[in-house]
Amino acid sequence: MGDDHSSARPLRADARRNRERVLQIAQEALASDGLTISFDEIARRAGVGVGTVYRHFPTKEALFEAVLLGRIERFVADARGLATAEDPGKAFFGWFAKVVDEAAANQALCDMLESGSGMALRSGSILEDDFAAAIDRLLARAQRVGAVRPGLTGQDVADLLRGCLVAERRARSRHGAVRMADVICDGMRAGC
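Going by full-length UniProt numbering, the first residue of the sequence shown is number 1, and it counts up by one from there.
Hints listed in this document are in silico derivations from the structure and should not be mistaken for laboratory results.
None of these values were measured; they are calculated from a predicted model.
For each residue, glycine too, the CB sits at the ideal point set by N, CA and C.
A few of these clues could be false.
Okay, the calculated beta carbon distance ranges per label pair [unchecked claim]:
1) Asp-14 with Gly-163: 40 to 48 Å
2) Arg-80 with Gly-163: 45 to 53 Å
3) Gly-81 with Gly-51: 18 to 26 Å
4) Leu-11 with Glu-41: 19 to 27 Å
5) Glu-28 with Thr-153: 17 to 25 Å
6) Ser-38 with Ala-77: 26 to 34 Å
7) Ala-133 with Gly-34: 26 to 34 Å
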């Protein structure tokens, strides 16, 4: 990824705070403004110099990717937290709907998926594997209790998630993605 500090010296406390602030502001700005937001505007909103933004994220793609990966890490963590839920069907469908709702509210995430810019999950990445495993775990449990139709695969679910976001972009309405998620969830239920 464009921002790997694992082999570098640990960041000073103030640099770490600045980096976290830039990420927070970038996440908010990308959600509302999409990919058109400039580094200058992100720096202004974060209360730091533009050089600080570039120091942590040398390219716009690196910053956007860090924001996107943080969002996906939260989706994976949510799925892991639901892996032992009492009602596997409710957990699966609730997680699916939450991912669609939150992703549809993020203009930049939708822009990235729509544009095919390559900033979305890179094939074979550890996070992609974690996301796929999280889907598979929730799906398998829901299928075992008969809540989700058999034969549906984790890749099918990932493609359906992506399709909901494309529907949102086409409709230019977050409600379009949520409505599409409802229709898709109904179609995934066992007995349909």
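Against the structure, the hints:
no.: 1; hint: Asp-14 with Gly-163: 40 to 48 Å; verdict: 43 Å, holds
no.: 2; hint: Arg-80 with Gly-163: 45 to 53 Å; verdict: 24 Å, violated
no.: 3; hint: Gly-81 with Gly-51: 18 to 26 Å; verdict: 38 Å, violated
no.: 4; hint: Leu-11 with Glu-41: 19 to 27 Å; verdict: 23 Å, holds
no.: 5; hint: Glu-28 with Thr-153: 17 to 25 Å; verdict: 35 Å, violated
no.: 6; hint: Ser-38 with Ala-77: 26 to 34 Å; verdict: 31 Å, holds
no.: 7; hint: Ala-133 with Gly-34: 26 to 34 Å; verdict: 30 Å, holds
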